[in-house]
Structure formats: structure tokens, C-alpha cells
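Got chain A; can you put chain B on it based on the hints?
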Amino acid sequence: MCILMKKVSCIFIVDDDPITVFGIKKMLKSVADCEDIQIFQNGKEAYDALAERQNLGKPIPEVIFLDINMPIMDGWDFLDEMINLNINEHVVINMITSSIDPLDYKKWSGFKDRCPYVLNFKNKPIFKIEPNDLGCITAAS
Amino acid sequence: MKAVERVDQFYLLKQLPKATALLCKEGVLLDASCSWLEIFGLPPINKKQKTQIFSLLTEVENLSEKLQEGKSFNLQHKLTRNNETRHLKSYFAPWFDEKENVIGTIVQTDDITSEIEKEEELNWLKNILETKVAVSKTGWWEYEIDTEKLTWCKETKRIHQVPDCYEPTAIEAIEFFKPGYSQNKVSMLFHKAMANHQSYDIKLTIVTLNGEERWVRITGKPFIKDGRVVKIFGTIKDIHNQELAEQRVKEHQQLLTTLVDSLPLNVYVKDLESRKILVNKGECTYLRKRPEELIGKTDFDLYDREVAQISREEDIQVMKHLTPIIGKEAVSNLNGKTTHFLTSKIPYFDLQGKVCGLIGMSLDISSMKKKQEELCGLIKITSMQNQKLISFAHIVSHNLRSHSANFSMLLGFLNSEKDPQERKRIIDMLTQASDNLLETLGNLNQVVDVNTKTSETKKSLNLRKNITGVLHNLSAFLENNHTQIINNVGENMEVKCVPAYLDSIILNLVSNAVKYKSPDRPPLITINAMKSKKGILLSISDNGLGIDLDKYGDKIFGMYKTFHNREDAKGFGLYLIKNQIEAMGGSITVQSEVDKGTTFNVYFNEES
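Order-wise, the sequence lines are chains A and B.
The first sequence: position 110 = 110 (my numbering), numbered continuously.
When you read off a place in the second sequence, starting at 1, and then add 1000, the result is the number in my numbering.
No lab work stands behind these hints: they were computed from the structure.
Check the hints yourself; a few may be wrong.
Chain A stretches covered by chain B per the calculated footprint, using a threshold of three residues with CB under 8 Å from any CB of chain B [to be verified]: (1) 17-24; (2) 98-111; (3) 125-132.
Values in this document were obtained by computation on a predicted structure and should not be read as measured data.
Virtual Cβ for every residue (Gly too), placed ideally from N, Cα, C.
If we strip away everything but chain A, and leave its shape as in the complex, we get:
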């Protein structure tokens, strides 16, 4: 096995579907070395945790897996709120959705332009987490 295990300090998984969460966690096992993986059922919970971490000076997640359709606060609203937090650290956000609605893709391109973080768009189903999703640009080659 020559896959490089990437060391990641903290990962957020924000999704209300337990199966997807299970899948992401399982896939992460083989590519990332992370002690701190946090699961949230909706954007609100994730946002609250993120804001608290910023306030307390705790480490900000390096990678966020973000579902779009969620109750209470959806992926887009979470993105909006997160941009307002003005976090300076480098964050890779992977938007994960089963939606093939072109409107969602358009919305993503809009966010990509004004979001200070790396913003990937991934359609379900996902079979593998790419190095790119963890912020490794040329690590594997």
C-alpha cells in the first residue's frame, strides 16, 4: 500500500443521513489520520460548534464534509454564516449532495467565487475520498 496517510487535526462531517456519515467515516479511515472527527446532524449544530471553537481558540477543522439538504440550517445557510465568522485558517469544504439540480451547481459556483476557503462539489454516491478533498494538492504524485 503506497497511499499516503494524511495527518489531519480535525474534521467536521455535517449530514443528517447516518448512512452517508457512516460511509464518509469509513472512507476517511484509509486516507486520513485524524483523532478529532465531529458529526453534526444539521448546519446549526455545526455552526454553533465552529463558533465556539473560534471563541475558545480551539483548533478549527481543516476539512468539512457538508451536506446541502438538512433541517433547521441547510448547507448554504451554514456557508453564509461561516464566511461571516472570518476564520483565517485554511479550510477545505467538500459539499456533498445527491442533488443533480443544476441550480445547486450554479449556487456552488457563486459561493466558490466569494468563499475564502477551498470549496469542492461532490455528487453522491462517493466511493473514495481523494487527496484533493483533504487539501493535498500534489501529495500523491
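Using the frame of chain A, we list chain B on its own:
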């Protein structure tokens, strides 16, 4: 003796009935008859006062030379006296003595004023006649029965285009008329004039000498003497151009009438007082009146006062400012029938370019209007259904895709997983995913049912009874949550609703009110019903968590939208009942305040 004789002689002269005077060789008046003196207004002869003939006939030149010649002559002269001019004719003859010596002149004078005046009048009349003929281009003709002589005047000859020297016979004259109708007719009229003493006046066609066909108006009048026609006199006038113009006008009129009557429009012309002066068939048919019943009428005679007043104001506007009204939509009520019109009013000008009324045209667009309304309704329904379809398609694609994506992912794991324990976990997950898919399909099926089975018949249902029924079924759930319910719905309140939908609506709204109760207070649900403009209004209010409508307002009735952290919140109930209510032609609205409570208002469409 000689003197006595002389006196006698002169006395005799004085009495002569014919105005007579004697002049000496030098032209001095020696004596005159009283009548002569009266003509010239002279006093009786006075020996001392010598009157020269030249002073009486001032305008006559060379009179003295003529007198000297000693020959007879006559001359006409005028005499103006007391502002009156008399025409005189005087005869001069030499006056001889016994030895045939000329000793003077005998003058006899006649007053010829009346003859002169008659002559002048005759000349004047001739003049007038000639002018009349010249101006009116009317010729005359005359036929003497006894001599069978036909006379044509110059103009008559000109009309026939024959030379001035041409002298026609009666037969030739008749042959100038166009063979057929004109010739037959004129022969008959000529004959009748002679036989029955009938005058005639008719328009016929002649063929001139040059072969030109022309319209003429010919008259004939018999002159009768001793009960016998002696002469026929008549006129002839070339009316070719007028006749052609008249025919053209008639043709234009015919064309215009046909056109105006055949237009699929109601057309009318009004004068400055808004009185109808022309109406076409369409207008008559619409008003159910004959044209003569409409001519001269105003809108006040035909429509309601208000409508007529508006119409009159429009008319004045058009005629005063000369700005046409084009294609204005108007509604007209007549005999209990409503008609939609597209009306136009344009100013109507006379030949001098002065406005003299208006021309109105109305196109009945009732059927188009009806179709348009139907179309608009259809478009509204279609676009609404389209919108629903699109959002449903998105829901389907998202929800079904998310399950199938999970299957793919899990199966991918299963393929490469060796650890039996891990494989079991994955299979459990697959079972879970399968159950989720089935539930989603079930939900979607329900929605499709609501939207496709529009034939589900609505029934009149007692609202209070149905509410009580649902509350009974929920009693355990309500009791567990210490719910208090105030049901204010009247005993006899009826709604038109599909029975299963009414239960679903009440069940969802009541259970939602309990589910999203405040942790600080036991749930209190108030149910009211009242009649409203939009139909029966059922409102269900709670004192629960409430929801921030500014934030979630547009999503609250969306599918799989939940707003509170509850395990049993699926985001399907409100979506379903909204579909059910709308399928029955009703609507649902929401009012809410965070941490105060929420009220849902359901309007039931009372139409079946």
C-alpha cells in the same frame, strides 16, 4: 277777310287730333295743335316769344340743313321732361303755298315711347333666352303639325353634333335616339303628345352624328288650339357628364353600403349632437331595431343613462379635439346580455374639412374575451401544476437519488470488505437504506395520489364531528403530552371536503401543534371555524415553539423541510396537507411567533 281766314285756319290747326306744328323756313314755330304743344310742354303760341324747333330737338344734328332741302323725312328723338324720357317720332314735310312755293315745314309728332319700351323688353327677353341657352346648354325644338316642319335651335344642333345648316325631319330626329329603348320610348312619347296631349320629360340616349353615345334630357309639350294640337315645343339638354357622375356616385354608394353592411362590425355615424345618422346591419342586429328606428336617436334613447353619458363625453372628446379613439375595450349591457366590444370613434369631416360628426365602429369580442379568460385560467392552472411538477421532480430526484447513492456506496464497501463483522454492519445499513427508500416511495405515492385523483369527490362533512373523531384517535398521544384542547367549532358547521383529506389535515395540524410544544408549558390548542369570503375557515392555534417565518417562511410547506430538532420530524405532513387542500381548490396560510405559538388557517373551497 284775309285775316279772318287766317285765324280760322290756325284755329283749325289747334284742334287737330294728331300732334301737328307749322314751322317757318327758319325753323321758328309758327303754330301748333294743342296736342303737339302738350307733348313738348309748351305754353300756347305767343307771337312775341319765338320758339326755335332746334331748341326742342337738341339731339338731332343737321336739322336746319335737312329743313332747307325741302324734302320729307322723319326722325326719332327723345325728350326729357320732369325726369321722364319720352320717345318721339316726328315726320317733317315741306309746307307749300298755293303756288307750290315752300314756305315752311309741317311737323307731325307721335309719342312712340310704349312701342320703344316693348321693343326693348323684347330684346331683353331675347337676350335672356340666349344667355340661358348658352349657360344651361339647353336647346329647344319646335314641330309644326300642319307643315310637319321641325325646327332645331343652334344648341340643339350642337348637341346632335350636326352643322348649323342641318334641317332635320321628325323621323330623322327620332332616328338620332339610340335604337332600342331610347328610340322606342321617344317615338311613343312624341305620338302620345300629339294624340293624348301629354307632355313629357325623360332621360334618354342619343347617338350623335359623330357616332358618340350621349345622355340627354328631352322634354316635349303640345300646344293646343281649338282642341287640336298645332305645335309641339320642347327642350333638349346634354346631361351626359352629370348622368355619368350620378351613376358613379350611385355605384360608389352601392359599394359603400355593401361594404359597410357586410363588415363584421357595428358601424354608425353620428352628427354633432350625437344623433345617429347612419347605421349598418350589424348595429341594427345588435340593437334589435330597424334602421329607421335608430336614425335620429342618441345613446340616451338606447342605453342606460350612465352608459350614454360616458359615450356622449367620448363623442365630444373626439369631435372637439379631433383625436380618434382607437380600439378601446368597452362592455355593453343590453337586454340583459353583456357584450364586450373593441370600439373606435373617429371624427367625421365634411367636404370643407370641418368636423360634422363621428364614425363609430365596434367589434364584438365577447367570444374572444371568453376564450382569453378561459386561456388565462388554463395558463394559470398549467403554470401552477408545472411549478408543482418541477418541484416534485426535484424532490423525487433528490430523495430517490440519495437512497440509490447510499446503496451504491454501501455495495461498494461490501465488495471490498473482508471482515465479517464489518460486512454485517454494512448489510444492516443496506437494510436501513432499503427501508428508507420504501418509506420515501410511500410518501411520494401519497402525494401523487392527491394530485392525480382529482376526481375524489368532495362531500359535505360536519366539521365538529370530524375533529372530535380525530381527537379521539389521538387521545392517548394527547394525554401523554398533557394537551388541553379548546374546540370552538359550531355544531352545524359543514365543509365540502374529501373525507380522508379532512382527517389528514386535522391529524397533521393537531399532532404538529403537540410535537412542537414549548418545553416550558403544556400544549394548549384552540380550534375555530368561521365563514369567510374565501369559504369556510378552519384555524388551529397552539402555544408551542413557533417558527421564524422571516427565515423559513417559504420553506415551511416544503417537502422534507424540518425546523426543529425532533427525531420524529420528517418534514412531510405539511407538504402533504398543502397538496390535499390545494387539490380541493382551497388554501392554507400560517402565522407564527417564536416561543409564542403558531396558527394555521385552512380555507375550504365551497364549490364541489
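Count the residues of the region 17-24 of chain A whose Cβ falls closer than 8 Å to any Cβ of chain B, and tell me whether that reaches three.
Holds, because 6 residues of the region 17-24 of chain A bring their Cβ atoms closer than 8 Å to Cβ atoms of chain B.
Okay, the region 98-111 of chain A and chain B, do three or more residues pass the C-beta test at under 8 Å?
holds (count 4)
Counting residues of the region 125-132 of chain A with a beta carbon closer than 8 Å to any beta carbon of chain B, are there 3 or more?
It holds, with 3 qualifying residues against the three required.
In the structure shown, no violation is registered for any of the earlier numbered hints.
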